[in-house]
Structure formats: C-alpha cells, structure tokens
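S.K.: With the hints as extra help, turn the sequences into a complete structure.
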Amino acid sequence: MSAVIEARDVEFSFGQTPALRGASVAVEAGEIVAVMGPSGSGKSTLLHCLAGILVPDSGEILFDGARVHAMAETERSSLRRDRFGFVFQFGQLVPELTAVENVALPLLLSGVHRKQALPRAQAWFARLGLDGLEQRRSGELSGGQAQRVALARGLVAEPQVLFADEPTGALDSLTGEEVMDLLVGAAREQGTTVILVTHEPRIAAYADREVMVRDGRVNAPDRIAS
Amino acid sequence: MSVPLTLLGLLEREPSHGYDLKRDYDAFFGRGKPLPFGQVYSTLSRLARDGKVVISDVAPGSGPDRKRYIITDVGATEVEQWLTQPVDPEPHLQTVLFAKVVLALMLDRPAAEYLDTQRSAHLHRMRELTEIKRAGSLVDALLADHGLYHLEADLRWIEMTGARLDALRKEVRP
Numbered sequence: 001m002s003a004v005i006e007a008r009d010v011e012f013s014f015g016q017t018p019a020l021r022g023a024s025v026a027v028e029a030g031e032i033v034a035v036m037g038p039s040g041s042g043k044s045t046l047l048h049c050l051a052g053i054l055v056p057d058s059g060e061i062l063f064d065g066a067r068v069h070a071m072a073e074t075e076r077s078s079l080r081r082d083r084f085g086f087v088f089q090f091g092q093l094v095p096e097l098t099a100v101e102n103v104a105l106p107l108l109l110s111g112v113h114r115k116q117a118l119p120r121a122q123a124w125f126a127r128l129g130l131d132g133l134e135q136r137r138s139g140e141l142s143g144g145q146a147q148r149v150a151l152a153r154g155l156v157a158e159p160q161v162l163f164a165d166e167p168t169g170a171l172d173s174l175t176g177e178e179v180m181d182l183l184v185g186a187a188r189e190q191g192t193t194v195i196l197v198t199h200e201p202r203i204a205a206y207a208d209r210e211v212m213v214r215d216g217r218v219n220a221p222d223r224i225a226s
Numbered sequence: 001m002s003v004p005l006t007l008l009g010l011l012e013r014e015p016s017h018g019y020d021l022k023r024d025y026d027a028f029f030g031r032g033k034p035l036p037f038g039q040v041y042s043t044l045s046r047l048a049r050d051g052k053v054v055i056s057d058v059a060p061g062s063g064p065d066r067k068r069y070i071i072t073d074v075g076a077t078e079v080e081q082w083l084t085q086p087v088d089p090e091p092h093l094q095t096v097l098f099a100k101v102v103l104a105l106m107l108d109r110p111a112a113e114y115l116d117t118q119r120s121a122h123l124h125r126m127r128e129l130t131e132i133k134r135a136g137s138l139v140d141a142l143l144a145d146h147g148l149y150h151l152e153a154d155l156r157w158i159e160m161t162g163a164r165l166d167a168l169r170k171e172v173r174p
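If you read the sequences in order, they're chains X and U. Read left to right, the first sequence gives residues 1 to 226 (the UniProt record's numbering). Read left to right, the second sequence gives residues 1 to 174 (the UniProt record's numbering).
Keep in mind the hints are simulated off the structure, nothing from the lab. As the structure is a computational prediction, the values presented were derived from the model and not from experiment. We put the CB at the ideal spot given by N, CA and C, even for glycine. It is possible that part of the hints are untrue.
As the list claims (entries may be wrong) - Just the calculated beta-carbon pair ranges, DEER-fashion:
(1) 16/X / 138/U: 49 to 55 angstroms
(2) 131/U / 132/X: 28 to 34 angstroms
(3) 27/U / 13/X: 56 to 62 angstroms
(4) 53/X / 107/U: 43 to 49 angstroms
(5) 188/X / 32/U: 21 to 27 angstroms
(6) 128/U / 137/X: 38 to 44 angstroms
(7) 99/U / 188/X: 36 to 42 angstroms
To be verified - Far from chain X, some chain U residues (derived; all Cβ distances over 12 angstroms):
(8) 2
(9) 19
(10) 34
(11) 41
(12) 54
(13) 55
(14) 77
(15) 79
(16) 81
(17) 103
(18) 106
(19) 109
(20) 127
(21) 169
(22) 170
Said to hold, decoys possible - Computed list of chain X residues with no C-beta within reach of chain U, every gap over 12 angstroms:
(23) 18
(24) 28
(25) 48
(26) 57
(27) 64
(28) 109
(29) 112
(30) 139
(31) 191
(32) 209
M.R.: Here is the structure:
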C-alpha cells in the first residue's frame with residue numbers, strides 16, 4: 001500500500017530554534033500511528049506540518065498525492081476543514097454552543113445545512129456513550145465527556161485523516177483509555193487514518209505502530225514480526 | 001504464579017478432582033499456558049504428603065484418577081497467609097536489561113540502539129496486551145493492565161537510562 005500522508009525531509013524552525021531537522025514519515029491509509037518522543041522533540045510540530053497548520057521551511061508534505069507544503073493558506077484551510085479532523089488536549093469546545101452544536105460545527109463550516117448537520121452530529125452521541133448530553137454546554141460536561149464530544153467533532157465529517165495531539169493528556173488513566181478505545185474503534189470502523197501524538201506508552205499501544213521523534217528527526221523502528 | 005498455592009486456593013472454594021482443578025486453573029490463571037496434567041497430580045501428591053490436602057473418596061468409573069481432594073486446616077491457613085501477605089517488590093534493577101546496558105557500555109557497544117530495540121519490543125507487547133484488553137472480558141482486561149503497567153514502568157526506566165547513557169558510560173568505564 002502507498003502512503004496517504006507523508007513528510008519528506010521536513011525542516012522547521014521557530015525563529016532561530018530548529019524544531020524539525022529533516023523529519024520523514026509515511027502513513028498508509030487506515031493506519032493508526034503513534035508519534036512519540038520526549039518533550040521538545042518536535043512531535044507536535046511534525047503533526048502541525050502534516051496537517052497543513054504549519055508550512056515547513058524546507059521539505060515536502062504530501063497528502064493523497066497533493067503537495068500540501070506548496071498550497072496557499074486558503075487551500076490548506078479547505079483541506080483541514082474538509083479532509084482532516086482534529087482532537088487536541090484542551091479547550092476545544094466552543095463554550096457558547098451546546099454539545100451537539102459543537103459536534104456539528106465542522107459540518108456547518110463545510111456548508112452542510114443545519115437540518116442535516118444536527119442529526120448527523122446527534123448520531124455520534126449514542127455511539128460514544130453520550131446520550132442525553134446533547135444540550136449541555138462545555139462547562140456542564142466532565143473532562144471525559146468533553147473529550148468524547150471533541151472526538152465526535154473530529155470524526156463527524158468522516159475525515160480521511162484524524163490528527164490527535166495528546167488527546168488523553170488531561171484525563172485520568174481510566175477515562176483516557178476509554179476515550180482511546182472509542183477513538184480507535186470509530187477510526188477502524190470508518191477506515192480513518194489516525195496520527196496520534198502522545199508521550200504515554202499505554203496510549204501509544206492503541207496504535208498499529210509507533211514512530212519516535214528525537215531532536216527533530218524521526219526514527220521509525222523496524223516492525224517486529226508477530 | 002505459585003501453582004501449589006493457587007490449586008490450594010481453588011480447593012478452598014470446594015473439594016475438586018484434579019481434572020476440574022486443571023480446567024479452572026487454565027481458565028482463570030493459565031493465560032495461554034495450560035497447566036500439564038502431570039504437574040497437577042504431582043503438585044496434589046506433594047500437598048497431600050505435606051498434610052495440606054486429603055483425598056476424600058475415589059469415584060467409581062474409568063479414568064486414571066478419580067480422586068477428590070479436600071483442603072485441610074493446614075492448607076487453608078497457608079492460603080490465608082499467602083493472600084494476606086504482600087508480594088515482595090521485585091528488584092527491577094537486577095534485570096537482564098540493566099546488565100546488557102552496562103555491559104554494552106563497558107564493551108563500547110551501541111547501548112542506545114539496544115535500548116531502542118528494547119523499547120520497540122516493549123511497545124509491540126503492549127499493543128498485543130491492549131488488543132487483548134479491547135477484545136476480552138474484564139478478567140482479561142485487568143490482567144492485561146497489570147502487564148501494561150509493568151511494561152510502562154520498564155519503558156520509563158529505558159527513557160531515563162537512555163538520557164543518562166553518557167554519564168553511566170563514565171561511571172562504568174573510568
């Protein structure tokens with residue numbers, strides 16, 4: 001199988017501080033890959049470059065054959081909205097919106113009519129064990145519930161790639177694993193590719209394989225035969 | 001896993017034949033490593049010799065062993081002591097991995113690469129246990145979690161050791 005998304009020899013610096021120094025990684029369609037590494041290793045920067053949030057100083061980002069690094073901001077913005085989903089660690093839900101409106105947000109932003117968007121969003125509540133919480137606002141949800149709402153929002157538009165940056169980092173162990181179990185289950189069911197940044201081995205163990213980022217470079221270990 | 005104490009514990013639940021003990025041991029504790037019949041009967045013989053079980057009756061019929069075993073007061077006391085005493089914390093620093101790292105540094109071999117290989121192997125095993133956890137019962141999940149937390153502790157040690165290899169090299173190769 002060929003890669004659906006790939007970084008080739010990517011370099012990126014924050015001012016004078018290099019974050020990525022020739023990072024390369026290729027992820028196949030439907031794969032769940034954990035990006036691991038110590039703090040400051042460049043793993044989140046790599047995710048942001050792959051997702052078209054940051055533009056590399058040099059090197060290439062390829063998604064489904066398209067040259068993401070060469071796209072204009074508007075084009076990358078469309079890509080992020082229509083083809084990618086995101087789950088982050090903190091503060092993702094819009095506090096003024098209800099939970100179901102938060103989940104529907106990517107659909108509404110893509111031009112789906114509210115009448116179609118809300119039922120599609122609603123369907124995720126039963127799927128992720130969130131029944132009855134549709135009309136709550138983010139302040140009325142527990143951390144685990146809010147993260148499941150964020151996960152539903154990341155997946156509602158059936159993205160080709162879901163980017164998850166420390167999605168369980170703010171949760172206790174059991175709640176974090178419940179969220180990961182739902183994330184992996186839903187992604188496998190939909191065939192969504194997942195790029196998961198985490199420093200926690202138990203969370204990385206939900207992925208199909210891991211890559212290590214160290215000093216801005218990627219070390220992908222050889223696969224071990226089962 | 002202490003086979004004699006586990007079998008004694010199963011016998012405290014109810015008097016049983018060797019076959020039933022093996023079946024329950026394999027179901028709850030074997031985790032893919034069935035207990036050989038030979039080991040079941042040799043263990044029960046030793047427990048009987050030491051007065052921890054007695055044979056209550058021999059059922060009529062076929063089969064190599066139709067003896068039913070009953071736990072004695074001595075056996076029950078031993079089970080009680082075993083259950084209430086904490087397990088010795090294992091001296092993890094005396095592991096093969098520690099020896100490998102130190103020897104690698106002494107011999108000027110690539111210790112960091114060995115640690116990377118070990119990390120991959122650990123994560124591979126953690127993925128297997130996570131799959132067992134996702135697909136299995138609560139018993140499977142709790143046993144898998146026990147393994148996962150131990151492997152995670154090893155991985156933390158691997159990270160810390162990896163970050164201190166230069167300092168350790170100076171200590172073991174003065």
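S.K.: Quick one: which hint numbers does this structure break? Sort them smallest to largest.
M.R.: 20, 32
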